[in-house]
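Quick mapping for you: the protein sequence lines, in order, are chains P, W, C and G.
Counting in my numbering, the first sequence runs from 42 upward without gaps.
Counting in my numbering, the second sequence runs from 42 upward without gaps.
Counting in my numbering, the third sequence runs from 42 upward without gaps.
Counting in my numbering, the fourth sequence runs from 42 upward without gaps.
Everything labelled a hint here was simulated from the structure, so no lab data went into it.
Check the hints yourself; a few may be wrong.
No copy labels: a pair is met if it fits in one copy or bridges any two.
What the hints assert, rightly or not - In silico DSSO-like pairs for lysine-lysine, Cα to Cα no more than 27 Å straight-line: (1) K325 to K114; (2) K103 to K87; (3) K63 to K173; (4) K68 to K114.
Protein chains: 4
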Amino acid sequence: MIRVGVNGFGVIGRRVADAVAKQPDMKLVGIAKTRPDYKAQIAAQKGYTIFGSDDEAVKGFKTAGYSVGGTVKDLLAQVDVVVDACPEDVGKENKELYRKAGVKVIFQGGEDHEIAQVSFVAQCNYDLAKGKQFVRAVSCNTTGLSRTLHTLDQAFQIKRARVVIARRASDPDEPTKGPIDSVNLDPVTVPSHHGPDVQTVLPNIDIITMAYKIPTTHMHLHSLICTLKQNGVNEERVINALSEGPRILLVSQKQGIKATAHVMDYARELGRNRGDLYEPAIWKESIKVVDGELYFFMAVHQESIVVPENIDAIRAVLGATSKTESMAITDRSLAMLT
Amino acid sequence: MIRVGVNGFGVIGRRVADAVAKQPDMKLVGIAKTRPDYKAQIAAQKGYTIFGSDDEAVKGFKTAGYSVGGTVKDLLAQVDVVVDACPEDVGKENKELYRKAGVKVIFQGGEDHEIAQVSFVAQCNYDLAKGKQFVRAVSCNTTGLSRTLHTLDQAFQIKRARVVIARRASDPDEPTKGPIDSVNLDPVTVPSHHGPDVQTVLPNIDIITMAYKIPTTHMHLHSLICTLKQNGVNEERVINALSEGPRILLVSQKQGIKATAHVMDYARELGRNRGDLYEPAIWKESIKVVDGELYFFMAVHQESIVVPENIDAIRAVLGATSKTESMAITDRSLAMLT
Amino acid sequence: MIRVGVNGFGVIGRRVADAVAKQPDMKLVGIAKTRPDYKAQIAAQKGYTIFGSDDEAVKGFKTAGYSVGGTVKDLLAQVDVVVDACPEDVGKENKELYRKAGVKVIFQGGEDHEIAQVSFVAQCNYDLAKGKQFVRAVSCNTTGLSRTLHTLDQAFQIKRARVVIARRASDPDEPTKGPIDSVNLDPVTVPSHHGPDVQTVLPNIDIITMAYKIPTTHMHLHSLICTLKQNGVNEERVINALSEGPRILLVSQKQGIKATAHVMDYARELGRNRGDLYEPAIWKESIKVVDGELYFFMAVHQESIVVPENIDAIRAVLGATSKTESMAITDRSLAMLT
Amino acid sequence: MIRVGVNGFGVIGRRVADAVAKQPDMKLVGIAKTRPDYKAQIAAQKGYTIFGSDDEAVKGFKTAGYSVGGTVKDLLAQVDVVVDACPEDVGKENKELYRKAGVKVIFQGGEDHEIAQVSFVAQCNYDLAKGKQFVRAVSCNTTGLSRTLHTLDQAFQIKRARVVIARRASDPDEPTKGPIDSVNLDPVTVPSHHGPDVQTVLPNIDIITMAYKIPTTHMHLHSLICTLKQNGVNEERVINALSEGPRILLVSQKQGIKATAHVMDYARELGRNRGDLYEPAIWKESIKVVDGELYFFMAVHQESIVVPENIDAIRAVLGATSKTESMAITDRSLAMLT
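In isolation and in its complexed conformation, chain P is listed as follows:
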C-alpha cells in the first residue's frame, strides 16, 4: 500500500483525498489543514486523520473539539508521497520541508513549472515522472488542453493551436470574488500564460492562448482553433479520434446539452462525488473543419479535472506501476466515462 498524505484541503485537496481513499493500492494517512471549518468536520466524519498546518492550527482544532494527528511534519513522517494542495505559491514554501522529510511530492498547477522535475499529464508523459521526487500535476486548463491536443496531435499532427479561454471567475466556495456583470481582463496582456504552460507538458505544440474572466463559478470554456498538418481530416474523423482519446467526453446538443450549466447538471446526474466531472467536455456539434482548420468548444470543470492526474502521478513517482495499469486503476476507481 502506498501511504499518502494530502497537505491542504481546499477545492483540490479534499477531492484528491477522497480519490486516494478509493484506490485499492493506496492508504490515506491523513490530511493537513489550517482551520476547523465544515470541510474539516466532514473529513473527520469520514474518518480521515486531521493534521494541523502548524502548531497554531493544531491548537485551533483541539479547541474546536477535534482529535488531531499532529502537525504536517508528523504527517510527512508517515507517508511515501504527499500531495501538496496548498494555495498558489505556498507549495514553493513547503518544498524544503518535504525535502527534509524525504518524501515524494505531487505539486499542483498553481506552482511554477520549475518547482518540479516534470509537469505531468498522465496520458502525455507518465513515464517521464517515473521515480522522480518532485512532480507537478498541471492546472485544470492545462490538463484539459493537454489531453485534447495530445489526442489530436497523435491522430492528425497539430501545426498550430490558438485558444481563447473564458475563465470562471471564482470557485463555488469563494463567494467574495467577482466580477458581477463584467468581463475582467486579468491581465490585459496577450498571450496568456496558458499556452507556455501547455508546453511544459507538450513541448512541441505551437500554441498561443488568450484568456479573460467571466461571471461564472463553474467550468472554463475553451474555443479552439487548430491548424492540422494532416490533409483531408473531416469532422467525423475528429469525433472518432476524440471518442477514442482517453479521459475526454463528447457531449451533444441532441442530449439537451447547450450550456456549461447543462454539462454540470449532467455531471450531477452521474452520481459522482460532489457532482464532479473529471473529463473535459467537447460539444460534438461544435466540431467543424474548414480548409484544414479545426474548430470546437470545450468545457473544463476546474474543481475536479486534475484529480485523476494526481492519482496517477502518485503511482508514477513510485515507479512500480505502468502507465496503462495506473490509468486503468484510476479510471475504474473514479468511474471515469472513458
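With the hints as your guide, set chains W, C and G onto chain P.
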C-alpha cells in the same frame, strides 16, 4: 412493496425517483418523460423503465434507441401511487387521467391547493393525508417555512410571522432565465403568494410574505421576523427548539458558512446525490430576539427540500404507516441530518 | 461664492464635484486624488484642478503629464468647505488635517457617526447642521430610509419599522468583488448596522434591519414593514404622502418598471449625468396596508442618492441659507423629480 | 432638413431618435411605439411626437393620457426616411408598408442582409448606399468588427481573421433573460453567423467566428486573431493605425481600464446620453504581434455602437452629402472621440 411511478423527470421528478428507489418498502415501476435527453440517458443507465409522456414521446425515445415501457397510461396501470412532477399547471391537466386509472397521486407545489385534498408537510399534517387519493406536496419555500414555523409555534406560539424571500431566479439546468444584474419584482404586488400557501398547511399561522427574484441559481434566502406569544424566549431556547425540530439544519459562521454558496458547498461535502440539501439551513448567529420579536436567516435548497415530503406522502396516502415510522424510514434512507 | 474642495474622486467624490460645479453659489476649487486614471483624465478635460493626495500622488500625476494644483493641503488652504469622499475610515485619518486647516468638512456615511457633530439628511435635520464644523452625510441606505421614514412618520406616525435590505454587492467600477451566484451574509448576525445608523438621523424611530449581499452592481432593494400609529391609513393616503414627500420617486408597473434594472434604465432616459437617480424609487403597486401594517418595496441607487445631501450640507455648515432655500437650489440644479 | 421618423423605440430606436434630434440637417418628425411605458413618457417630455404602431397602440396611448400623432402610416406620410428599429424580423413584415409609402428605409442588423440593397458601415461602404431605397445598418458586433478590420486591412492587408465573441446575454432593460452562472452556446454549432455578416460589408475578408453568451448585460468582448499579409508589422504600427482609424477607441490598463465594467464606467464619465459608447474599445496592452499574427481584445457596446451608422445611412440614402462630410457632422453632433 408500494408500486410507485413518477410522471415528469425534471428538477423534482428525478430526485423523487431516486429517493423512491432507495426506500425499503417501495418499488420504482418507472418514470415518464417527454424527451430522450441526458436525464433520460442516465435514468436508463440506472435501470429505470422509461415511459413516454404520450405516443409522440414514445416514438422519440424509440428513434433515439431507448427501450420504452409504453406511455404514461401504461405506467399508471402498474402503480399504486403516481408522483406528478410535471411542470406547473400540467398536473391539473393530468388529474382526470389519474382519476380514471384509479391511482393515488402526489402533486407538487406548482399546482393550486384546490387540486388536492391536503397540502402536505410531513411533520405538520401527516395524518390528514392518510388514505386520501390526492395529496399535494407543497413548494420548496412553503415546505421550508412550514417546517420551521411549525417547530417554533409548537415551542413558543407564533403570534405573527413576517417573511421576506429573496428567490433564486432560475434552476441550475435552466440557463436561459434571468435576471443578470437586477432584482426582479415578479410580481410587484405585496403580499406574495407564499404566505397564503403556508396557511394551506398551517391554517392558524398569521403570516405575510414579500418576495423578489435575484440572480442566483441555488437556494432561496428567507429573512424571518416572528412575534412570539410566549414571554421570555431567548436565543438559546430558540436554538434548542430548532435543533430538536425535525428536518431543520443549523449552520454556523464558525464552520465557515457565511453565504448560500457555502451551504451548497457543505451539502456537496455530505456526499448526497447531486449535492442536495433536504433541510432548510438556519444560521445560528443570525438568531436574535428583541422584545419578543425573533429574527433569523434561513436558506432553502429549491431543488431537493420537497423530496422527503414526497416520500412520506406516498406512505400517507396508503394509510398503513404511522407518521413517526414513515419519517424515520425516509430520514434513514436519505441520510437526513436530523 | 462658497469655495469647495472634494477630497477623494471615486464613486461619490466625482458625483459631488460635478454637482458642486453646477451650483450657482459654489465654486469647485479642485479635487484631490491618488492616481492618474481615466477618472482623472476626464476631470482634467472638464477643467477641474487636480490635487494629489500626497507628494507621491503629485509626482504620479506629473509623470503622467497632468498639471497639478499641489497636494490636498494646498487644496484645503483655498476652500471654505471640503467634502471628504475618501474610502471608508480614511476620513477619520484626515480629520486632524482638516482641523488644522480650519475648514468645514462634510464626511460620508462610511465614517462613524462620532466623527461629526451631526449625521445629516437635509429634509430631516438641516437646521441641526447649521454652523457646525463637522457634518456627516449618511450612507446611501440610511439616506433613502431617512427620507422615506421621515415622510411617513410626519404623515402617520411610525410605531415600528422593520426592513430587509438586499444590498448590491459591488459598484459598477469594482469588478473584482463578488459574489457570483450566491447570497452573502456579511455579517451573518442580525440586526444589521443600518437601523442604528438611521437613528443617528431620526433618533425616535423604532427600526430594526436585516441585510445581505446579492450579485448585482446597482441599487439596494429594501422591503419595508412599518406599523403605523395612526388608524385608518390606506394605500391611497400612503401614495399621496410619498408623492408629496421631498426627494422620493414613485414608480409603477404600469410604466413597465418591474425590476431594479428597469429603474436604472428609466434613470438613464432622464438624461442626468451618468444615468444617476438621486431619489429612492418606491413601487406604487407594492404599497399595501394590512391591519395597520404598511408594506412596500424601495430601491436605492447607491452611487448617487447622497449627492443632494452633500450639497445641502455644504450650505448648512456655512449657516447662511435656509433649509427650504438650499433644497430648492439643489433640486433645480440637479433636475430632481420632486 | 431631412424629415426622419423612427419606428420602434427600444434599445436602438430611442438612441437613434435622440441622435437624429441632434443633427443640424435633420428633423425628427416622430417616433412609433406600441406601449405607453416609461420610454414613451420621457419621449413625450422631450417633445417627441408619438405615433402608435397600430390602431390598438393609439388607443393605449390615448387611454394613458398621451396625445398621439396617429399610426405609423401617418408618420410615414410625413417623412423622407424611416429608421426601422423594430424587434428582429419585424422589419421584414414592415417592408411592404414602407414601399407603399415610398419612403427610404434604414433597417437594423436583426434583419437579414437580403432585406436591403446594402449592408452598411459608414467608413467601409458609404458610397454604395447613396441613393438606395433600402439600407441595412448592420448589427453591433458586425459594426465593431467592420470598422476595425477595415482599418487594419487598409493598413496591413488582412489574410485571415479569426474571432471569438463572448456575447452579453441580455440588455440592461431585459431582466428576464439569462443565463445566470453559465455560458450558453446558442447555437452550439461553429462557425457563428457573425463572420458571414461581416462579409456583407467587407466581402473580401476571410473571417471565421465562434460565439457564446455569458452572464453580462453590457459589451460584447471580442478576441481577435488576424494573420496579416504585410510583413514586419509590429505593435507600434498597429496602435498607430488603430489610433488613426475612424470611430475606434484605444483604452489602456494604465488608465485603470482592465474590465468591460471599467470601459462602461469610463463612458459614463464622458457625459454622453445614457453613458453610451459609440466606439469599439481596444486594449492597447492586448495588442500583440507574433510571427505575423496579430492578437487583441475589443469590447463593443451593443446598445449604442450602431447609432452613428444609422445617422450616416440617413444622409447616404438621400445622396446629397459626401461620406467625409456626413461622418464629420455625425461625429461632431455625438461628441465622438475620434
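Each hint tested on the structure:
{"no.": "1", "hint": "K325 to K114", "in the structure": "neither (48 Å within a copy, 35 Å between copies)"}
{"no.": "2", "hint": "K103 to K87", "in the structure": "within (18 Å within a copy, 43 Å between copies)"}
{"no.": "3", "hint": "K63 to K173", "in the structure": "within (24 Å within a copy, 46 Å between copies)"}
{"no.": "4", "hint": "K68 to K114", "in the structure": "within (18 Å within a copy, 52 Å between copies)"}
Violated hints amount to a single one, hint 1; each of the other numbered hints is respected by the structure.
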